[in-house]
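> Protein sequences, first through last, are from chains Y, H and U.
Just so we're aligned, residue 388 is where the first sequence starts under my numbering, counting upward by one.
Just so we're aligned, residue 152 is where the second sequence starts under my numbering, counting upward by one.
Just so we're aligned, residue 430 is where the third sequence starts under my numbering, counting upward by one.
These are computed hints drawn from the structure, not numbers from a lab.
One thing to keep in mind: the hints can contain errors.
Estimated spans, in silico, between C-beta atoms of each pair [claimed, not checked]:
#1 U:G548 - H:S446: 55 to 63 angstroms
#2 U:K685 - H:K429: 36 to 44 angstroms
#3 H:D442 - U:P682: 40 to 48 angstroms
#4 U:M711 - H:E409: 24 to 32 angstroms
#5 U:A646 - Y:R436: 51 to 59 angstroms
#6 Y:M388 - H:R440: 48 to 56 angstroms
Heads up, simulated BS3-like pairs for lysine-lysine below, C-alpha to C-alpha not over 30 angstroms straight-line [unchecked claim]:
#7 U:K695 - H:K161
#8 U:K509 - Y:K428
#9 Y:K476 - U:K677
#10 U:K695 - H:K231
Reference listing, derived: stretches of chain H covered by chain Y, where coverage requires no fewer than 3 residues with Cβ under 8 angstroms from a Cβ of chain Y [claimed, not checked]:
#11 215–226
#12 281–292
#13 320–326
#14 352–359
Remember, predicted model here, so these are calculated numbers, not experimental data.
Here a beta-carbon is modelled for each residue, glycine too, at the ideal position from N, C-alpha and C.
Here is how the chains run, residue by residue.
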Amino acid sequence: MVRIAFPTEKGGLEDNIYPRFGRAPTFTIIDIEKKQIKNVKIVENPGYRASGGAGVKAVQLLANEGVEIVMGPTPGPNAYFALNNAGIKHYPVQGLNVKEAVEAFLREDY
Amino acid sequence: MIEISIASGKGGVGKSLLAAHLALLLSGKRRLVAVDADAEAPNMNIVLGIKDWDRVIEHYEGRRAFVLDDECTGCGECLKACQFGAIRVVDGKYVVDRWLCEGCYTCSFVCPVKAVRFERDVLAGWIRIKEKTRWGFPLVSAEIVPGRPNSGKLVTEARNKGREIFREAEIMFLDSAAGIGCQVIASLAGSHAAILVAEPTRASISDLKRIIRLTQHFRIPSMIVINKYDLNMQLYRELKKIANENKLYYLGEIPYDEEVPRSYVSMKPLIEYSPDSKATIALRRIAERLDNILSRFDEWRLEYLPEAYKPFEPIVIRPDKTLG
Amino acid sequence: MTSIAVTGGKGGTGKSLVATSLATLLSKNIDDLVLVDADLEGPNDHVILGIEELENREPITLFLPMIDTTKCTRCGVCVKICDTGALFMAGKAYPIVFPRLCSGCKACYYACPYGAIRGAGHILGYTYVTPVCFGGRCFKLVTGMLIEGEEHTPPGVYRTLQRALELKPELLIVDTGAGTGNAVSMGFRDSDLVIVVTEPTPLGAHDLDSILEVTDAMNKQVWLVVNKYGIGDITILETVLRRHRVEKIFHIPYDKAVVEAYAYSKPLIIHYPSSPASRALMKISDELMGWIKH
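So that you can see chain Y by itself, here it is in the shape it has in the complex (with noise of 0.2 angstroms):
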């Protein structure tokens, strides 16, 4: 099984990848099992509020949530930083919604 985050605006597999990484309202988390979706969860991201770092408090919320790869714009440096660190992958994704970008991790496109 794997663990993939988007960052989104509403949440959900219709829903587009929100442009920019930390400020993102929410993240739609997904779980794929045997090239299958498994499991949909859409999580509030603590960073949408933030006045500052919230790059850092995004990417703490997807190490809690146990996520090994993250599809999306390039997060900023400090939370780049900690995806790293975190040992979360990832992968520049844009102008897709979370379903078709998860038809392209399933064709191995990345």
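Dock chains H and U against the given chain Y, drawing on the hints supplied.
Positioned in the frame of chain Y, the structure of chains H and U alone reads:
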């Protein structure tokens, strides 16, 4: 929508002058929206001579401590613990200074009787909207409440508002916050291109270098404009060298022109106040070049995309095993 | 001790010119005068005063958490409490610290149930104390300066003011930073009198409005100095002034000598004492002397 950030590190180098004029010079040809995210000193409206707004949205965020007088025993622990000098004794009572408190919780941890409480969602700023300027494009302007800390959240809200009020726009010009911290990251993240503004001074050069590290981190293809270029020819050449080495598209230069400060006083954009001035001619040329780029944006973007992914390494302290 | 702050909203209004000139003039009559350059992001009082090297450097040290791994149980309380995202914990690893995000608030230190957070020093910038003498009369200049790339200005301003107070001055003049943020309001919140320097331009008027908003709310006594009087349109300021409390208004005429003095780092009132701007500054200084005695 193509989002273009206009950024400069520190303020005062002509960022708003450029942002405002690009918007008004291109507004005849292209559907665009302008967002002033320099919330500590929003002045695009002043450059454009805009005096009133159609809508003002209050922005609430953060928190602020206060002391319950009835429960406070006057032990003074909070005053000692506050790292910002935000707690003082006024007429025998412990008072939290509303301009200095950033809501960090330190005082509430040290208070033995739990007399510190928090007021949440404090008025932190305003987002002002002009639905249609005289040139046709809408302007969104963010401003921090005097005495409150700056915020990346407000920048993000202003950007979102800009997108929301004109969804059909082809371009967004974003007058980015000053500095290189959180607010600038909030302005640059997700931008499709950046226009960096510099002037031939040492301070501006070091700011430019730092902002380039950020645009490379985000892989934002960037252009450069040198303002008051003729003030120091040696540093001007140095700026051009930096631009070259970092693959910045050279969008142009603006000469030092006394008509610029005079136009601010007149409450009219420079190109209307002084249509034949040196700076006006330079701004028109810059706008034309940008217009050309926008006509072949995807091609330009690929050409000027920072090559390798160069993450900006933050300073980090790892737990020291030898400590203790 | 009497404390006066000089502030001005946006940069370039002539705030530092007024502060340095007043310090120079008032030091003729006041023995222990301290001028504080609290514009930590770009201090330039020493440049205006023609000082080449600042003296008596001391670091401005902020609290920075260090995790004592012999005590840390990796409970994550510090990470939850941190408001600035400066602490990060991957899984069950020990937390790491981002010093540039840390505001030095110390909340993590007090929140940790195991006493596992130790204070380490993070150098934010430096303060300097430099003696300044003209014609045998001296005052001290306290300068605060952030290290390039640091952004947490308010605690730096606080430490700079603390250093000035340690000198136990009879008169303290604080030159605040530019803008209207909390680093600026900190500069004048303890002052007995706030001198607001503005210019008759739309931008000047806008920032004057913001700064008077704060001085009104703090119930401060305010004197206004209109610099570059003669350019622009003075009526633009009048609309703003109708909304606020200002006790006295002074004018400094637009004067080429000011630009020359600045370009050659020569204090205006020493090298151009009979220029119109110098004479205007002397008048303010005389009135101030009267106010201080009173």
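> If a hint holds in the structure, say so; if it doesn't, say that too.
Hint check:
no. : hint                                : in the structure
1   : U:G548 - H:S446: 55 to 63 angstroms : holds, 57 angstroms
2   : U:K685 - H:K429: 36 to 44 angstroms : violated, 22 angstroms
3   : H:D442 - U:P682: 40 to 48 angstroms : holds, 44 angstroms
4   : U:M711 - H:E409: 24 to 32 angstroms : holds, 29 angstroms
5   : U:A646 - Y:R436: 51 to 59 angstroms : violated, 26 angstroms
6   : Y:M388 - H:R440: 48 to 56 angstroms : holds, 52 angstroms
7   : U:K695 - H:K161                     : holds, 26 angstroms
8   : U:K509 - Y:K428                     : holds, 22 angstroms
9   : Y:K476 - U:K677                     : violated, 63 angstroms
10  : U:K695 - H:K231                     : violated, 43 angstroms
11  : 215–226                             : violated (count 0)
12  : 281–292                             : violated (count 0)
13  : 320–326                             : violated (count 0)
14  : 352–359                             : violated (count 0)
When the structure is compared with the earlier hints, violations turn up for hints 2, 5, 9, 10, 11, 12, 13 and 14 and for no others.
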